[in-house]
Amino acid sequence: MVRVHLGMELRRFTDGVAEVEVEATTVRKLISKLDELYPGIGEHLEGTAVAINGEVIADPIYETVPEAAEVHFVPAPVGG
Amino acid sequence: MTVSTSESKYKYIGTRPVRQDGLDKVTGRARFAADLNLPGMQHGIVVRSPHAHAKIVSIDTSKAEAMPGVKAVITAADFPALDPKNPLANISANLMARDKVLYEGHVVAAVAAETRSQARKAAAAVEVQYETLPHVLTVDEAMADGAVVLNEGVITRNAEPPATEPSNVSARTAAERGDLDAGFADADVVIEHEFTTVPVHQGYIEPHAAVADTKQDQTTNIWCSSQGHFRVQSQTAGMLGWEVSQVKVEPAEIGGGFGGKTTIYVEPLAAKLSEKSGRPVKIVMSRDEVFRATGPTSGTKIRVKIGAKNDGTLTAAEAWLAYESGAFPGIWAMLGSWCVFACYDVPNQKVEAFDVLVNKPVCIAYRAPSAPMAAFATETVLDEIAREIGMDPLELRLKNCAKEGDMGPMGAPHPRIGLKETLEAIRDSDHYQSDRPEGIGRGVAAGFWFNIGEQSSAQVTLNANGTAVVATGSPDIGGSRASMSLMAAETLGIEPGRIQPVVGDTDSVGFTDTTEGSRTTFASGMAVTEACKNLIEKLRARAAKMWECEVDEVEWADGEARHTKGENDALPLAAITGAAAKTGGPIAATASVNARGAGAGFSAQVCDLSVDQETGMTTIKRWTTAQDAGTAIHPSYVEGQMQGGVVQGIGWALNEEYIHNADGVMENPGFLDYRVPVASDLPMIDTIVVEVPNPFHPYGVRGVGEVGIVPPIACIANAVNDVAGVRIRNLPISPVRILSALTNGNGNS
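Order-wise, the sequence lines are chains A and B.
For the first sequence, this note's numbering begins at 21 and goes up steadily by one.
For the second sequence, this note's numbering begins at 889 and goes up steadily by one.
Just so you know, these hints were derived from the structure itself, not from any lab.
Quick caveat, the model's predicted, so the values are computed rather than measured.
In this text, a Cβ means the ideal position worked out from N, Cα and C, and glycines have one as well.
Among the hints, erroneous ones may be present.
[Said to hold, decoys possible] Quick look at which bits of chain B chain A covers, simulated, 3 or more residues with Cβ under 8 Å:
hint : segment
1    : 1146-1154
2    : 1217-1231
3    : 1255-1268
4    : 1298-1307
5    : 1331-1345
6    : 1479-1490
Pulled out of the complex, with its shape left as it was, chain A reads as follows (with noise of 0.2 Å):
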């Protein structure tokens, strides 16, 4: 099972659930599992980026997730 950590932006899809836990091992997986669990999420999370245990990936579509992983959907932060 992997731990997905859910923002605020995206709690108005999961009715204020904060934290779900779901049997993924890749990031499109996951997507789609939380896509049947809360409907309209996936197209939200297809372009952001992901924090797997704490390392930020800006194109994670392909990922794998470890088991027991810690994931958090974050967005993909720019600089100068």
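For chain A, the structure is supplied; the task is to place chain B on it using the hints.
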């Protein structure tokens, strides 16, 4: 000085060789874009709006086209009208206005002629009829009921309740955790204030410049000054409606960028003028144009409220932020909202931020974009809390600073970070431990910046004599070539002087994202290290061939191949490259990465200053800055970045501001009236490089280019209060404003 959490285990990393581009730069040989002259080259001049907001009724170019020497005139009609959903639509509309001009300086046409003088006269002959519209210059004006709307297509994203009508607020960002009311109820002291800042410019010395040579087959070569030539390639192609492969961009040396050269301004105009004229075209902006039409950073209005217990524990924090984005939507308030409390572990907090369109040039990144304004507010309120509860301001920060495992600003826990070590470095510094001289105020502040990863490519090619060429796609704006050569030297085990680092053009090195977000030494360094490791595998195979043994019997150490069975003498690199033709040909390797795990940057600073009670003049007497670099690859350039950030922050705090008149016209578009600090204004900026290695980088690198600019504004505001007893919460903290505060208690009007 350097403070490390572990002993250095490196041979070359951490040394200070002379940078490879240094000689050319100090002798004037370095080639900048404006230096390039091609046979038959024409000179381009841009026609700009004199109005802050107006409809374009008509543009008549016929007189200009008939003038001597004129080879081409272009308007928006020469470019495809991009769908508003196209990511480049706003960039295209900024580079060439189509129906409306949205700020003074907005481009309406461009002219190419044989001489710059002819082009300037022809530009003046372009006749544009405008119908002026009301304009808005501040977030207050733009957010007011009944304000003129800049763009009818802008409906506030993520508004609460959802927005249905167009407005000047392009986006709302909100975040909340814990129980804010309970947190404030738990506090012994609660302090809340409002702060404003005004737009400032990145102030790079070299104006934007580009030369384009477009051929009959609709391919173009562009030489330009930019922080990212691959972005110039894709944005220019997009605006022209071309494939990226039709645009080749060659990076010239760059005379400063600081975020301001992360987008395009003149490149598609030069390419289109070149296409129409059939000649190469050069466009070089004047300083006036740089100020009027290239990105300043946002003006802001920020309210911050923080609660604390008498023992210094922060219990709650709330922020409301509004950031100007200029004439098109931006993400600057969103970034500010992530940074505003990022240094501290506050259990209960709420942040709400708004990106706001105004009739000013389009805001663009400026060194840790959006963070300095947010830190100004937070770090000033913290200073007031420290005074209120009688606690040392650094101890207050140390008590609450973010650490590994604490929730980070983007909703994920911090990995290993070095804020605590950075604050301790300032606390333990000679500066902070010294007594303040009479009449001197002292201020402290801390700052955060994300740092980013993104995509980078590198290739390493060996010459026959065992020297190496390391090519990356990252323009060098802060000594990154020297850093690349040091990481390559460390990996290959050869002297840095035997490595020539170069910046490759878009046709000769793999795609590389822009030099921004303090990413280059981190991400391109990762690609260089990976390429060197790939190269070592090839060198081991060549040595095995020469020794007629298995590859796994060959190890690589200290720049030579060694036979683990001891049956052969070691083969230095040059012996292998010298025999390359006999073992399979030239030896080269590449690597491309989408770097992840960028380590957040933190800075803590202390300053001493005096305030002239009669004139309000501030004089900086002493400054010490500490910053977590992860690992300082080339310490001199880390220190240089730290010092540069501080100096720009000092200018932002004390002097710099865009001044617009009632018509929305900028009144100080030059360095005489827009005052940046010069060497005689400043003491030596003392640096303490803190090294808490980033666990996600092979050499522990964190980005260092940006976070140094974050603390200085608050640092100065706190020091001014310390010596003069006045709190200035509106920038700049100018002599006029200080004098007003000293004489009538009002320094914030």
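Results for each hint:
Check on the segment 1146-1154 of chain B: 4 of its residues sit with their Cβ under 8 Å from a Cβ of chain A, so the three-residue criterion for coverage holds. For the segment 1217-1231 of chain B, the stated coverage by chain A is satisfied: 4 residues place a CB nearer than 8 Å to a CB of that chain, which reaches the threshold of 3. For the segment 1255-1268 of chain B, the stated coverage by chain A is satisfied: 3 residues place a CB nearer than 8 Å to a CB of that chain, which reaches the threshold of 3. Coverage of a stretch by a chain is defined here by at least three residues with a beta carbon nearer than 8 Å to that chain's beta carbons; for the segment 1298-1307 of chain B and chain A the count is 6, and the condition holds.
Look at the segment 1331-1345 of chain B against chain A: 6 of its residues bring a Cβ nearer than 8 Å to a Cβ of that chain, three or more, so the hint holds. Remark: the segment 1479-1490 of chain B is confirmed as covered by chain A, as 4 of its residues place a Cβ nearer than 8 Å to a Cβ of that chain, reaching the required three.
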